[in-house]
Structure formats: C-alpha cells, structure tokens
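*Asks:* One letter stands for each residue in the lines below.
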Amino acid sequence: MPMIRSRALLIATFLSTSFLVVTPVGFAQATADPFAKVPIPLVPQSSETTVGLSDQARTTLNEFYPAQTRGASSSFAPSAQPVGATSNAAPAEASSSNPFVPVVQAVQTPQRSGPTKPFEMDLGTGPKDATKFDTNIIDETALRYYADQRNLERVGAEIRRLKTLHPQWAPPSDLFAPRSTVDEQPVWDLFGAGQYLEARQKIENLQNADPNYRPSTDLLAKLTEGEARAAIQANSDRSNWSGTIAVARDHSNLLVCEHMDTLWRVGEAFARTDDYANAFDLYRYILVNCEDRGERRATLEKASALLPQKGVDALLALGDTQPDGMNEFDGLQFAKVRSAIAEAISNPIIPDLKIDPAELNRFQEFAKGQPDGDDAAIIGWYNYSRGEYQAASEWFEEAFQAGADDKAIEGYILSLRNLDDLDNAEMIALRYRDRSPEFGKIYIEIVADRINGLEDDETLDRGDLDSFTKVVDDSKSALGAQTLGWYFIARDEITDAGEWFKKSVSWEPSEEGVVGLAVVASREKDNSALSAIKTEYGDRYAALSDFKEYRPVVHQAAVRSTRSDKKRLNVTESKPVRVRSTGGGADKLMVDAKSQFDAGNYQAALNALDKREARGGKTYGGEILRGWANFKLNRLSEAERIFRAQDSQRSTKDTRFGIGAVQNTKYNMWPDQTNDCKVRWKC
Amino acid sequence: MKFALLVFTILVISSGMASGRKTESQWSVEDRWIQYVANPKPAQVEHPSERKNDLTIGAWQLYRSIFMADGGRIVDRENGAISHSEGQGYGMLIAATLGDREAFDRLWDWTERELLVRDDSLAAWKWDPSADPHVSDMNNATDGDLLIAWALLRAYKKWNVRDYLREAEAIVDDIVSKATIVTPYGSVLLPGTKGFSGKDRPDGPVVNLSYWVFPAIEELAAQMPVLAKSNLGESGMRLLRDVIVSGKTLPSEWTALGGDDPVSADGFEPVFGYNALRIPLYVAWSQKPDPQLLEALATAWSGGGEAGLDIIDVKTRTAVEPIRGRGYGAIHELTLCSLGHHTNLTSTETFEPSTYYSSTLQLLTLIAFSERYSQCP
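Residue numbers (this note's numbering), protein chains in the order written: chain Y, 167 to 849; chain E, 27 to 403.
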C-alpha cells in the first residue's frame, strides 16, 4: 500500500507540474476554437532537454490504468464497450463492428434509456458507516403524490419498490397527514432564482406563521440539492477539491446526467487529488449513461486534460458509432497530446515532460490528413514556440492549405520572417492584409525593417513604395509613417518627410515622429516651428533638447539603428533611435527594454524583449540589445551566440563589436584606456 | 416437522406466490409473506393478488395515519377513543406482517408499557384515556393476548429479534396456564383469566368462540409445544361444528359450556353479532379450513336481502339488524371465495377507512386473502 501511494504521488507531481497554467479544464467550452487555446509563445526556444515519460511513471500508469482488456480484474477497469461502439484507441476491440454495414451499427445504440442510478463513488478503504442511512437519496415524491390521490394500490407498490431499493427505509409517518394550506410558491420562486438562503428563511417564516406547516418533501429535497450543487461549484471554483468531493459524497444523488456541470467538477476534483480511479469511473459513468453528444465530447476533452493517456484510451472505447459510420470521439484520441502541446506552447520554460514523442508522432501523422488544418496549425505553433521555424512554416503551410483560419497565416508569415525569408513574408502579409489588421501591421514592420536596412543610395522599388504608403495610410500606422519620414529625410526629400512625420504624430505621437518633425524644421531652418515642437513635446521627449536652433548638437542614438554609423549625413541633426517598427505594443516593449537596460535591470530588459519577440519576432535592434543584456548578465556564451547569429545575417559594426566585446571579456583582453563611451552599452 | 410439511403442502397448493425453492420448504406462511413483501415479483403483469398486496400495504399506511396515535396506540374511535389489547394485537400483527418495523416497535412499546401491567405476561384488556388510572380493570382479554403473541412471533421471524420470541412464549405460557380450562370438548380458551369459569358462573365455563384465532393458534403451536399439547384449535373447531353443523344455527357471541350442549350464555343477547362475525374470518384463514363449517357459516350468515349482512338471532335464526361496513362484507366474501364460489370481491377492491373495527377487519381480510386465497379475483 505505501508503495502504491508513493507512485500515486509521483504521478501527481508529474501531472500537477503540467497543469500549472491551463485554465480550469473542467469548464472550457466543448467546441472551442483550437487556436483560442494556443497562446502565442513567450520564448521561442527552451534550452531544456525534452524529457519523455519516465519508465517508472509508465509502470505506474499501467498499474493505475490497467490495459484496456475486457474482464480486467481491476476494480475500476473499464467494462466492455457498448454494443456497436468502435474504438480508435484499440482497433482490435472493434472487430465486432463491421465497417461495411454502418447502417446496422447505427441502429445498435448502447442502452441509455430511462433513469439511471447516480454515480456511486468508491469510498475506498476508509471507515464506512454501514448503518448510516441517507434519506436524502430516497425520492418520496411519487409516494406522496399517490397518497394525496388516495391511490392506495400505487402507494403500496411504491412502498414496496422503495423498500426493495432501500431496505432500511420506512414510509414517512405523515404520508396521509392533512395538508397545510400554506402556499409554497414564494419559496419555489426563491429556489428558482437560486436564492437558497432566502428560501430557507422564507420556510422558517412560513413555519412561524403556521406551526402546522411542514415544507413539502419535494421542496426540501430540491432545496438541499440546489444548495449542494452551489457548494460544489463554490468549492471547485476555489480549487478546494477535497471540499468538492466531501459535498458530492453527501449528495451522491446529484451525480447524474442532468447535472453535468456538477459531474465534471467532481471528476476534476478526483483527478486533482490523485484519485484517478474515481475520476475514471465518473467519466465512464457519463459515457455509459449520458446521451448529450456535446457533453459526451466535452467529457472526453476534460478527461484528456486530467487523466493519464491510458485512462483516456479506455474512455475513448466508450464512443458510439454514429449513423455516418464515424465514431463520435474521432479526433479526440489526441485531445491529451493537444492539451499538452497547448501547455508547452504557453509555458516554454517547462520542458516537454508531458509530450510523449511517440504520441506526438501519431498526432502529426493524424494532423496531416485532417481537412480543417486546425491540428496542423497547433503543431505549427508548437514548433514555432520551440524555435523550429522551418518545421513551423511547413506545418502552417499545411494548415493554411487545408483551410485553417487567419491565425495559421499569421504563424506562417512569422515563421518565414524568423527564417529571414522576408520577401515571401512581406508578399504574403500584403496579399492577405485585408483578412486581418494584424497582417497589415506585420507587413508594415517587415517593410519598415527593409527600409531601415537600405543604404542611403538605395531606394525602394516604386511599386513597393506605393503599396507601403497605401497600407500605411489605410491603417493609419504611426510607425510606418515615421519610417517613411526618415526614408525621405535620408534622400533629402524634406517636404515629403515632413508630411509623413506630421501624419505619424497626428496618428500617434512618438519620439521618432516628433524628433523627425524637429529635424525637418531644423533642416528648413524654421525656428518658430522648431520652438513650437519643443514647447509641445519638450517635456515628453528629452531628445528634443538636443535641437538647438539651427545647430542641434550631435546626438548619439540610444539604441543604434541599423544604419546610424554609416549615416552621418549631416552633423546638424542626429537621427534618434529608430527601433524596429513592430507596431505600437511591440515598440513600447522595445522602449521598455531599453529603459530597463539603462536602469541596469538586464533580466527585466530580456523579459521585455521576449514579449516583444513573441509579438513580432526577432529584430536586429532587439537582438543587439539582447546580446548586450546577456553580456551584462555575464552570460558570455549566450551573448556571443546572439551577436554571431546577427553577424551571420548581416555583419555590422554593432555585431562585430559585440563579438569583440565578448571575446575581450572572456579572455580579459580589454585595453585599459579604450573606453571612450561613444555608444552607451559599450561604456 | 410433519406439521410444517403439511403447512407447506397446503401452501403450495393454495397459494400462487410460492416460489418453491427447496431450501424454503421449512418456511411457514408468514415467512412466505415476508419473503413476498421483501422480494416482490417484477410488476410486469398486474396479478390480482399483487394488486391486493399493494392495496394492503397502502391501506395500512392510511389506516395507521387515522387509527394509530403517535405514542403507538390503536384508538377505537367509536368507543370513547379507548384502546384495548385486541386493537394493539391487530395493529402489531398487521405491522409485522407488512414489514412496518417502525410502526410495530411503537405499538409494542406502548403495549408493553401501558397494558402489560399485570403480574404475569398477559395484557390488561382496556385502556381509557379519560380514566385515571388509564387501566382500571386488570382482567385480560385472551384473544388480545393471542394476537399480541402471534404478532410477536411474526416479528421475531421477520427481524430475528430473539426478545420477541421470548415475549411470545411467555404470553402463550400464561394463556395455557391461566386462560384455558379442560372441558368435555377438550381444553378451551377462557375469554379472561377471571369471571368465566365454572366456579365464577352457574352456566360456566363461558367461552367466546370468536376468541379462537385459529391461524394464530396454529402458528404459535408450531413453535411452542406447550400450546400444541393443549389442542386448543381442535376444541374450538369441535365446538363450532357442534353449534353450526350439528345444531344448524350460528354461534352466539357468548357460549356457555356448563350444560350438555353449548348454548348461548346467560345475561348475553343470543345473537351472532359483531364479536362472532370474526369466526368465519379465522376459520377461512386457518391452515386447515373446514369446508363444511365454512359452507354452513356462509349460508347462515348470507344476508340475502338488500340490506346485506345482518346480526342474527341464533334462536329464531332471523335478522335482528343490518350490519354495514366493508370489513364485514369482506369477511363474507372471503368465506364465499374460500369455498370456490364465484363472487365479486367488492369489499376488498378498495380500502376506505370507516370505523376502527370495520377498517381493521377489512385489512385483516385483505391479508387473509393474500396469504391463503391469492387465486381469488
């Protein structure tokens, strides 16, 4: 016994770690959009090794979920599947159903007609009060009805029936008692409104007013039931699993198909307290007795999130064959791996403990043939979250071909971008920009990056420029506009530049836009305009103080842009930091990252960069800052890896300097007097 | 043992409810009833006897809500709300037979506390709520004692409470030692321990033939040798045959045995009345019903007229006054049906509480139908 217990704990540990962030599993919608469960990853690559299920865990699972064979000796082994049901999990079991006669199979539905007994939980080896007799579970409604009708034959038959079911029960002594004239309707109304406390109070008031009044059994039973359901809900909402189970145990009559939400909550409570045996039995009870298709599917989804795979497989065998010959649970055999993947995506820090590689392979095989592409998209995001952009792009393409929604296209574009296939990323973002404002944003970001990467003597292709300006105008992109502003500044088209900066600032003021306006004013020697800008924005953007009339001082960018070194086009102005234009939110994150970096909070800076990357992917500026943050945290190898990665894409002074700095620090080769602090993070 | 086998044989022949498993061969009638109530057949086809069983169970619930006071006392509402050992005995018998443990316990508790106040195991016969003390006459009524003992025996068999058996045995011991007397007819049942013997009355001993609760005597005797030895049942049957078959009249309420022949006792009206009308019930309910006796009873007490049943003057054999009540009609129908006469059992189709006495007899007759004549429509 202690042995089994410790193994149970092992499973518990392994389960509980994997459900850290999953939203209350029990209560998700049955037909949720798969993407809704797939948050965009926080960190693309986990350095942790993927860890599979340990052998011991597997052994334990086998013990707790004995093989799905008929007549298994375990007390909670699943019983034989219903007639006509086929099993995805155990194809061998399906031999009794002939795939060539689906119509015949469809007729053979499992017997789920008529009232069924409530789910009975196994109270285990704990002390059982054999004499305890819960009158709660006996419904005397019919008996009282017949008594009221003076139908003595029926009264006798009902007494006989109840006594057979509950040998210790005795007929109530007030069966034929004169009925009170008190109107119970107000109490029923309160009950109907879920105001159980008030209903109790009302009963007390009625009793005070008429000592002969006794609330009807029906009312009391319903009220008690309602209170118990509310208690189960409240307990499970607070994750008080033992409390949930305790209430359910006292009111086992609630554990019936009519109260599916209660069943689900109790099932989750069992699973969360390592009582997989009862959890399994409860889910099995639902699948054997309850008929609602949606609820059955949802039950399997919930079980998948909470039970080890063995249990899920056994439950899958309880699926009905539908008139079209399909099993009602087709596709759900991968619910568990789906939820594990969803979890891995949202928690990249946690290694892929829960994802069995073999199961993942099966899932991938399955996903390839699926008509809706949703599963392919899930695998796409999974790969994306692991930094496997090539695989991600392929899966997104698969999903996209199969007709998955816009999110798959977005994933595809982001993957291409991370693979530096910017041409295709830009092209697809532009093509589909009408389908989602997000695509317009990404398109602007990509093109803005391209513009920022242009040499001064390079120009954008006319067609590209037209598309870009149109999208920027249509989407009122402040960042696109200021990017265009700087583009025209670099090409001495000051008037155009001024217009774009004006637009940018009118859509959304930013330092880049405002400084751009100042540069234009400065170039045009428009003193009054410059002072107006300084008056309006001076408090907000300190960079403006560098603009002296006519001869602003040289201002070194806070974060060097890709071209700041080459672009000393005119010392009378400086081009302020132009972070990648990754949309308002992402850009805000870059500003955050910079200020955290400046304040010496390097880890916080990294966190902000992670978030930013999650939204918009990697950027040159982001990666350089990431390199320096790692450098500051003395993670020299990581810093070097980042600088080298950027350097291999496009070698710049920054990347080269980063690599050199790491090398120097590593080998203690800094010359004593070389720090002239031209660039902030080199100081 | 021989007796038990006989019981079983009769039962299998006469009762459609026996399931006939071999191990059940020793079961007595009430065991079978108990078994039947506890394990009713699935109600697919509504067999008439099943409907009657259900009616009996339901009727008892209604009955107890009306006639059983909270403390466990059966109230004879028409007689100043008194209680008596007979009523307690009937109530306990029905509760035990139908498996109503809660009612049985309450009835027995009250009986033990309020009526078993003599220095033996017999019950004081009458309890008056308006008298102080409630029990003023310490005499017993022997039929009440028989009924209580019978009920205790059935309760013992049903719930296996050994105390019930001991109490029943003590009562039977005292009945045999204090309330029987040997006569030329054999050992006969005195109506009470006091006032009915040859010493007490010139025409004594005086008996009440409706106090021979034959099924009670039979079941108790099967369990208790002291009662079997007294051959009480035989003496009762012999007396009845003498009066009814040989004397070609009905027995009167009170019968004097002091003379050569059993005659109506002095000081009592010579009528077959509310006491004596239970005789056909007990004879028909007996495990050895005497068809000749029943036929004679049915013929003599047939009502005939539109008024239905009557109280009969046993000397003139004429009707004195009509008897109305489902309970009495039920007994008459039971008698007819026991003889195989086709008759509409209107008095047991439904149960409607009326007087204490009629209602009680109707319930008892329903049980007698179930136990002995389930083939009746």
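Keep in mind the hints are simulated off the structure, nothing from the lab.
Just so you know, these numbers come straight off a predicted model, no measurement behind them.
Glycine residues also receive a C-beta, built at the ideal position from the N, C-alpha and C atoms.
Check the hints yourself; a few may be wrong.
[As the list claims (entries may be wrong)] If you want the footprint, here are the derived chain Y segments under chain E, 3+ residues with CB under 8 Å:
id, segment
1, 604 to 616
2, 804 to 815
[Claimed, not checked] Away from chain Y, derived, C-beta distances all over 12 Å, residues of chain E:
id, residue
3, E76
4, R77
5, T82
6, I83
7, G84
8, M94
9, G125
10, E128
11, S223
12, R227
13, P251
14, F294
15, Q318
16, E375
17, P379
[Said to hold, decoys possible] Chain E residues, not near chain Y, derived (Cβ > 12 Å throughout):
id, residue
18, K78
19, R90
20, S91
21, D96
22, R127
23, D135
24, R139
25, D145
26, E195
27, D199
28, S272
29, D316
30, D336
31, L371
32, T376
*Asks:* All hints are to be evaluated individually against the structure, with a verdict given for each.
*Replies:* Each hint, compared with the structure:
Here's how the segment 604 to 616 of chain Y fares: 0 of its residues keep a CB closer than 8 Å to some CB of chain E, so the rule of at least three is not met and the hint is violated. With a threshold of 8 Å between beta carbons, the proposed coverage of the segment 804 to 815 of chain Y by chain E is violated, since 0 of its residues qualify and at least three are required. The claim that E76 of chain E lies off the interface is violated: its Cβ sits roughly 8 Å from the closest Cβ of chain Y, which falls inside the 12 Å cut-off. Residue-level check failed: R77 of chain E sits 6 Å from the nearest beta carbon of chain Y, not beyond 12 Å.
A beta-carbon of chain Y comes within 12 Å of the beta-carbon of T82 of chain E; the shortest separation is about 6 Å. Chain Y draws I83 of chain E into its interface by the beta-carbon criterion, the shortest separation being 3 Å against a cut-off of 12 Å. Its beta-carbon lying about 3 Å from the closest one in chain Y, G84 of chain E breaks the requirement of being farther than 12 Å from that chain. A beta-carbon of chain Y is positioned within 12 Å of the beta-carbon of M94 of chain E; the least distance is around 9 Å.
The claim that G125 of chain E is not at the interface with chain Y is violated, since a C-beta of that chain comes within 12 Å of its own (minimum 7 Å). The beta carbon of E128 of chain E sits about 4 Å from the closest Cβ of chain Y, which is not more than 12 Å, so the claim that it is off the interface is violated. With a least beta-carbon separation of about 43 Å from chain Y, S223 of chain E lies farther than 12 Å from that chain, consistent with its non-interface assignment. A cut-off of 12 Å between C-beta atoms confirms that R227 of chain E is not in contact with chain Y; the least separation is 45 Å.
Non-interface status of P251 of chain E relative to chain Y is upheld: no Cβ of that chain comes within 12 Å, the nearest being about 34 Å off. Interface exclusion of F294 of chain E from chain Y stands, the closest Cβ pair being 37 Å apart, more than 12 Å. No beta-carbon of chain Y comes within 12 Å of the beta-carbon of Q318 of chain E; the shortest separation is about 35 Å. Distance check on E375 of chain E: its Cβ comes as close as 10 Å (rounded) to a Cβ of chain Y, failing to clear the 12 Å threshold; non-interface status is violated.
Against the 12 Å criterion, P379 of chain E falls within the reach of chain Y, whose nearest CB is about 9 Å from its own CB. In this structure K78 of chain E is not separated from chain Y by more than 12 Å, as the shortest Cβ-Cβ distance comes to only about 9 Å. Listed as outside the interface, R90 of chain E is inconsistent with that label: its C-beta sits roughly 8 Å from the nearest C-beta of chain Y, within the 12 Å cut-off. Against chain Y, the non-interface label of S91 of chain E is violated: not every CB pair exceeds 12 Å, the least being about 4 Å.
Residue-level check failed: D96 of chain E sits 8 Å from the nearest beta carbon of chain Y, not beyond 12 Å. Chain Y draws R127 of chain E into its interface by the beta-carbon criterion, the shortest separation being 7 Å against a cut-off of 12 Å. The beta carbon of D135 of chain E is kept farther than 12 Å from every beta carbon of chain Y, the shortest such distance being approximately 15 Å. Under the 12 Å C-beta cut-off, the non-interface status given to R139 of chain E relative to chain Y holds; the minimum distance is some 19 Å.
Chain Y leaves D145 of chain E outside its interface by the beta-carbon criterion, the shortest separation being 34 Å against a cut-off of 12 Å. Interface exclusion of E195 of chain E from chain Y stands, the closest Cβ pair being 28 Å apart, more than 12 Å. With a least beta-carbon separation of about 32 Å from chain Y, D199 of chain E lies farther than 12 Å from that chain, consistent with its non-interface assignment. Distance to chain Y confirms S272 of chain E as a non-interface residue, since its nearest Cβ pair spans about 42 Å, more than 12 Å.
For D316 of chain E, the requirement that its beta carbon stay farther than 12 Å from each beta carbon of chain Y is met, with the minimum near 32 Å. No beta-carbon of chain Y is positioned within 12 Å of the beta-carbon of D336 of chain E; the least distance is around 29 Å. The Cβ of L371 of chain E lies farther than 12 Å from every Cβ of chain Y, with a closest approach of about 14 Å, so its non-interface assignment holds. Listed as a non-interface residue, T376 of chain E fails to keep its Cβ farther than 12 Å from every Cβ of chain Y; the least gap is roughly 7 Å.
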